[in-house]
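So the sequences go chain by chain: U and L. All the letters of the first sequence, read from the start, carry residue numbers 1 to 172 under our numbering. All the letters of the second sequence, read from the start, carry residue numbers 1 to 235 under our numbering.
Treat the hints loosely; a few may be bogus.
Stated by the list, open to error - If you only want the chain U side, here are some residues facing chain L, beta carbon under 8 Å, derived:
1) Gly12
2) Leu17
3) Ser19
4) Leu21
5) Arg22
6) Ala50
7) Lys52
8) Trp54
9) Ser58
10) Glu59
11) Trp69
12) Leu110
13) Tyr154
14) Leu160
15) Arg161
The set of hints was computed from the structure by calculation and includes no laboratory data. The beta carbon of each residue, even a glycine, is placed where N, CA and C say it ideally should be.
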Amino acid sequence: MEVDVVTKALAGDEYALDSLLRPLLGPAYSLAYMMLHDRDLAEDAVQEAALKSWRKLSELRAGSDPRPWFLGFVANECRNMRRSRWRSVIRLGTRDDLAAVPPSGGDPDLRRALAGLSDPDRIVVLLHYYLDMSMEDIAIATRSSPSAVRSRLYRAVKRLRPNLTMEEVHRG
Amino acid sequence: MADRSLGSDIRRLVDRDVPAAPWLEERVMARVIDQAAGRRTIGSRRQGPGLVMAAMAAIVIAVLVVGVLLGSGLAQRSFPAPASTASPSKDPAVIQYRSLIGRDFGLISNSYGINAYCNSRETCIAKLLKTRTATESLVRDVSTTQAPPAVATYGAEVQVAAERFIAQLNLALVALASPDADIVEISYAISITDLVRAVASVECWPVVPVIRVDLPNLYTCTSGRTVWDELGDSI
Numbered sequence: 001m002e003v004d005v006v007t008k009a010l011a012g013d014e015y016a017l018d019s020l021l022r023p024l025l026g027p028a029y030s031l032a033y034m035m036l037h038d039r040d041l042a043e044d045a046v047q048e049a050a051l052k053s054w055r056k057l058s059e060l061r062a063g064s065d066p067r068p069w070f071l072g073f074v075a076n077e078c079r080n081m082r083r084s085r086w087r088s089v090i091r092l093g094t095r096d097d098l099a100a101v102p103p104s105g106g107d108p109d110l111r112r113a114l115a116g117l118s119d120p121d122r123i124v125v126l127l128h129y130y131l132d133m134s135m136e137d138i139a140i141a142t143r144s145s146p147s148a149v150r151s152r153l154y155r156a157v158k159r160l161r162p163n164l165t166m167e168e169v170h171r172g
Numbered sequence: 001m002a003d004r005s006l007g008s009d010i011r012r013l014v015d016r017d018v019p020a021a022p023w024l025e026e027r028v029m030a031r032v033i034d035q036a037a038g039r040r041t042i043g044s045r046r047q048g049p050g051l052v053m054a055a056m057a058a059i060v061i062a063v064l065v066v067g068v069l070l071g072s073g074l075a076q077r078s079f080p081a082p083a084s085t086a087s088p089s090k091d092p093a094v095i096q097y098r099s100l101i102g103r104d105f106g107l108i109s110n111s112y113g114i115n116a117y118c119n120s121r122e123t124c125i126a127k128l129l130k131t132r133t134a135t136e137s138l139v140r141d142v143s144t145t146q147a148p149p150a151v152a153t154y155g156a157e158v159q160v161a162a163e164r165f166i167a168q169l170n171l172a173l174v175a176l177a178s179p180d181a182d183i184v185e186i187s188y189a190i191s192i193t194d195l196v197r198a199v200a201s202v203e204c205w206p207v208v209p210v211i212r213v214d215l216p217n218l219y220t221c222t223s224g225r226t227v228w229d230e231l232g233d234s235i
């Protein structure tokens with residue numbers, strides 16, 4: 001079905017393009033927001049990712065799931081925005097500043113710990129635990145290998161929940 | 001149990017922390033579909049002003065308007081020609097007038113949109129001062145140039161919109177003089193939309209620019225509907 005949608009989208013079928021991308025935008029925005037902690041930047045990241053993914057739509061392999069492919073663009077945009085000097089200095093602050101985002105309820109310790117992770121670690125945690133993505137799909141999104149994702153996830157989760165075992169992390 | 005708990009805790013945290021963006025899907029899809037269709041557009045990030053938003057629009061506007069109106073250069077090579085059934089006027093006088101407005105508006109867009117974001121009071125002030133100077137040039141050129149009769153009305157609208165834009169810039173500059181100025185709040189009082197709309201009317205003539213309801217800084221000249229059709233409706 002996706003192949004058909006991609007083919008149609010490439011042929012200029014607006015409905016197909018819409019049905020391919022639209023369902024991905026909500027998760028993409030949540031991911032971007034949790035990476036950037038700024039609504040405007042998160043929206044920009046999703047928009048840029050959508051435009052770039054359309055330009056590279058022909059690279060989407062036949063039959064493959066568009067979600068990890070698209071979220072890879074989002075993750076990349078977030079990385080670029082975080083690297084941008086003024087954003088990191090003025091808008092986003094340091095990682096400590098992110099951790100100091102005023103809690104709005106929930107688990108403030110988890111929020112602080114999540115914000116304290118490095119960008120690559122946080123992306124992997126969010127993709128796995130929030131978007132329920134497999135190691136293989138996360139590897140596609142992060143242009144990495146499943147084993148590297150597995151190691152990164154374990155390391156990150158140990159910082160969030162030091163008591164979890166490797167087995168529990170990968171079962172989660 | 002602990003691992004399941006982590007997953008549900010993270011989901012709860014994200015769902016709680018991420019602010020709603022109900023307009024996001026429409027805005028993004030509109031941009032993607034416009035790009036996919038290769039339509040010539042002038043775009044903004046979303047409805048609503050704000051330096052952040054308007055500046056992004058201004059960059060796109062600068063490239064497109066300058067490229068289209070001046071009829072040469074990188075901008076024109078970078079964007080496809082409109083696939084229109086009715087195209088903007090080929091009248092040399094109109095083309096020359098469009099070039100004048102396009103050149104001035106390109107400078108406004110560049111100064112308003114340069115760096116895309118203004119991130120401190122000082123950079124906002126510098127950006128707005130430069131934008132004001134560029135807008136004053138547009139007003140001066142439009143007021144001292146004889147517009148071709150066909151677009152004279154629209155030329156006058158450009159002048160009015162530009163003067164109003166200057167007034168907004170002046171108010172913002174006064175507000176920014178305070179060290180405690182709220183940059184974001186002030187930015188919401190500035191909108192380049194009306195000026196874009198007026199410039200679009202000159203650029204597209206005799207085609208009527210189609211202004212999108214959801215994205216008022218985004219228009220296309222490719223409707224095939226002309227000024228004469230509009231007049232026919234009102235007669």
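Evaluation of the provided hints:
1. Gly12: holds, 7 Å
2. Leu17: With a minimum Cβ separation of about 6 Å from chain L (threshold 8 Å), the hint on leucine 17/U holds.
3. Ser19: violated, 10 Å
4. Leu21: Holds - the Cβ of leucine 21/U comes within 8 Å of chain L, reaching about 6 Å at its closest.
5. Arg22: holds, 6 Å
6. Ala50: For alanine 50/U, the interface hint holds, since the closest Cβ of chain L sits about 5 Å away, which is under 8 Å.
7. Lys52: With Cβ-Cβ at 10 Å, over 8 Å, it is violated.
8. Trp54: The hint holds - tryptophan 54/U has a Cβ within 8 Å of chain L, the shortest such distance being about 5 Å.
9. Ser58: violated, 12 Å
10. Glu59: Violated, because the Cβ-Cβ distance from glutamate 59/U to chain L comes to roughly 15 Å (cut-off 8 Å).
11. Trp69: The hint is violated - tryptophan 69/U has no Cβ within 8 Å of chain L, the shortest such distance being about 15 Å.
12. Leu110: Holds. Min distance 6 Å.
13. Tyr154: The hint is violated - tyrosine 154/U has no Cβ within 8 Å of chain L, the shortest such distance being about 11 Å.
14. Leu160: Interface hint status for leucine 160/U: holds (7 Å vs cutoff 8 Å).
15. Arg161: holds, 5 Å
Of the numbered hints listed earlier, those contradicted by the structure are 3, 7, 9, 10, 11, 13.
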